[in-house]
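Chains as they are written, first to last, in our numbering: chain P, 1 to 111; chain B, 1001 to 1117.
Please keep in mind that the hints were generated in silico from the structure rather than gathered at the bench.
To list a few chain P residues with every Cβ distance to chain B over 10 Å, as calculated:
#, residue
1, V13
2, Q14
3, N24
4, D83
5, V84
Within a straight-line C-alpha distance of at most 35 Å, the following computed DSBU-like cross-link-like pairs (lysine-lysine) qualify:
#, chain 1, residue 1, chain 2, residue 2
6, B, K1019, P, K36
7, B, K1036, P, K51
8, B, K1040, P, K56
9, B, K1018, P, K103
Ideal placement from N, C-alpha and C gives every residue a C-beta, glycine not left out.
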Amino acid sequence: GQQVMQIPQYQHVQEGEDFTTYCNSSTTLSNIQWYKQRPGGHPVFLIQLVKSGEVKKQKRLTFQFGEAKKNSSLHITATQTTDVGTYFCAGLPNSGYALNFGKGTSLLVTP
Amino acid sequence: ETGVTQTPRHLVMGMTNKKSLKCEQHLGHNAMYWYKQSAKKPLELMFVYNFKEQTENNSVPSRFSPECPNSSHLFLHLHTLQPEDSALYLCASSLKGGGTGDLDTQYFGPGTRLTVL
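Sequences are here, hints too, so could you generate the full structure?
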């Protein structure tokens, strides 16, 4: 079946270090979305990428969509303790009916 | 506040009980979803309703029974659950479902933390 793989599963960084999480899909995606879930909270939409090779930035966060529309990444520059949480990618397959979520990357930032 | 509410926020039930989870969205969306989130499988799609019609059922056991009386309300009826069903049950909505690109952005409710004894 259609799957979205996400790595790493966990990442522990010192405040100020950079962080990257990667998503790979077994099929071409119509779009990919990123969500953040704080500890004890629920997933919150961050951004959507639609175009091949698209790059979008939100302050210290940079999102990329691969040329083949099968992979994506989220990069955080100079992490802060407020970045703690689990980051999920979710891909909508070209022929799909609903988003396929990755298993998420849990980020821990220590001061 | 995302415009999606869920009740109750916490639920403890025995294996022989019958209970229902409720979700309501105030966003004018037409698609609603139930997800199960547990430590073993972080985010599993259970059911999708698009314009009140069930469009996806991801091989969910029959002890979970969804109901969507209108586009704003979604229920998950529970009966004879197992301890392994303990998890966070998240409801979400989107403007449309079914591969409509940016109309699929999902807005999640706070979830119901379910414990089955």
